[in-house]
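Enquirer: Sequence:
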Amino acid sequence: MKLWEAFDKTVNKMFSFTNGKKVVLWGYKDMEGYFVQHLFKRKNKLIEYIVDDNSMNPKIPIYRSIEMSNISPKSYAVLVVGEYDEFITSFLEDLGFVENVNYIYIRKLFYGEAKTGGMKPIKVSYYDYLEYQYGMDIIAQKQDDQMEKANEDCLRYSCGMGYPLMDVLDNFVFDSNDAVFDYGCGKGEALLLFLKSGVGTIGGVEYDKELYNIMFENYSKVNISSANMIHGDAALICEELDQYNYFFMYNPFQGITFENVIRNLENSWKRKPRYMTLIYSGPYCHDTVIEHGLFTLSKQIFTDYSVRNVNIYTIPRNV
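Quick note on numbering: the numbering used here labels position 131 of the sequence shown as 127, and the sequence is numbered without any gaps.
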């Protein structure tokens, strides 16, 4: 969709830049390195070397700059993440690399020479891109004690990292007939990734009025309808659910609120039997879902979220 058109073109420029070359991803400790690796994995493309003098990640092979002294601009393309780094620039140029010819700074590729005008750096991620490109408000968190809640079992607002959700959505094939409802939709960011993945209709509920208003403003900036976005208590949403076949939660609440939501989903299925899928990130209330007896755990997807497994529940077609 047009919302992501410029973003996707820039990603393709990055891939074109690396055509026929061995790829070096320089900088991994920051989440931007993870994000660039995510983009390559989505297209089944290979990064041969990850370089970071500071990362101590023992799970993947990370090289130090001293091990890169023999790379040649004739056969390597270097992607540098993070802000301008004099050491990296000098190191590469001493080896004959030329910026924008055989090495690039990823932030410059996405944002040009733009400056933030403040203390906050412009990182490269799905949500940072939306904030920069369209002036959205997504990333700033809202802590538990700042939230306007229907019940005490409702939790804080955090947008997450974006790319782990896309890793989950890549397990599905969505089309324009699919509709997703986001419980605790916050500022509306997750639904924008569902749209990027091909979902045709989005909806959601958010109790905190400030977050709901921010979502409304975010969507108005990109001409996305907020008609199906509800300001209210998630536990009271009933018949509105009948038009959706996918439901998403990023650990928005627990306790009695969660119990009522699952009951409402089951009642929706009884009113309108259909194939329904619940995508539940941070599945603290897994037992509640199973105990109700209608949804079945069909898959667990390991992600980079702090609670690593995202549970996928379905109502089997033969129920």
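In case anyone wonders, no lab produced these hints; they're calculated from the structure.
Just to be clear, a hint being listed does not mean it is correct.
[Claimed, not checked] No farther apart than 30 Å at their CA atoms in a straight line, the calculated lysine-lysine pairs in the BS3-like style are these:
1) Lys138 to Lys217
2) Lys9 to Lys25
3) Lys192 to Lys37
4) Lys55 to Lys39
5) Lys70 to Lys25
6) Lys37 to Lys55
7) Lys192 to Lys217
8) Lys17 to Lys70
9) Lys(-2) to Lys192
10) Lys295 to Lys55
11) Lys55 to Lys41
12) Lys295 to Lys9
13) Lys192 to Lys295
14) Lys(-2) to Lys39
15) Lys138 to Lys205
16) Lys17 to Lys104
17) Lys17 to Lys5
18) Lys39 to Lys17
19) Lys(-2) to Lys55
20) Lys9 to Lys138
21) Lys18 to Lys5
22) Lys39 to Lys295
23) Lys104 to Lys25
24) Lys(-2) to Lys9
25) Lys145 to Lys104
[To be verified] Here are the computed distance ranges between Cβ atoms for each label pair:
26) Pro269 to Glu1: 18 to 24 Å
27) Leu42 to Glu1: 54 to 60 Å
28) Gly194 to Glu236: 21 to 27 Å
29) Asp4 to Ile118: 39 to 45 Å
30) Pro57 to Tyr80: 55 to 61 Å
31) Ser71 to Gly108: 26 to 32 Å
Model, not experiment: these values are computed from the prediction.
We put the beta carbon where it would ideally sit given N, CA and C, even for glycine.
Enquirer: Could you tell me which of the numbered hints above are not met by this structure, giving the numbers in increasing order?
Expert: Failing hints, ascending: 12, 19, 20, 25, 26, 27, 29, 30.
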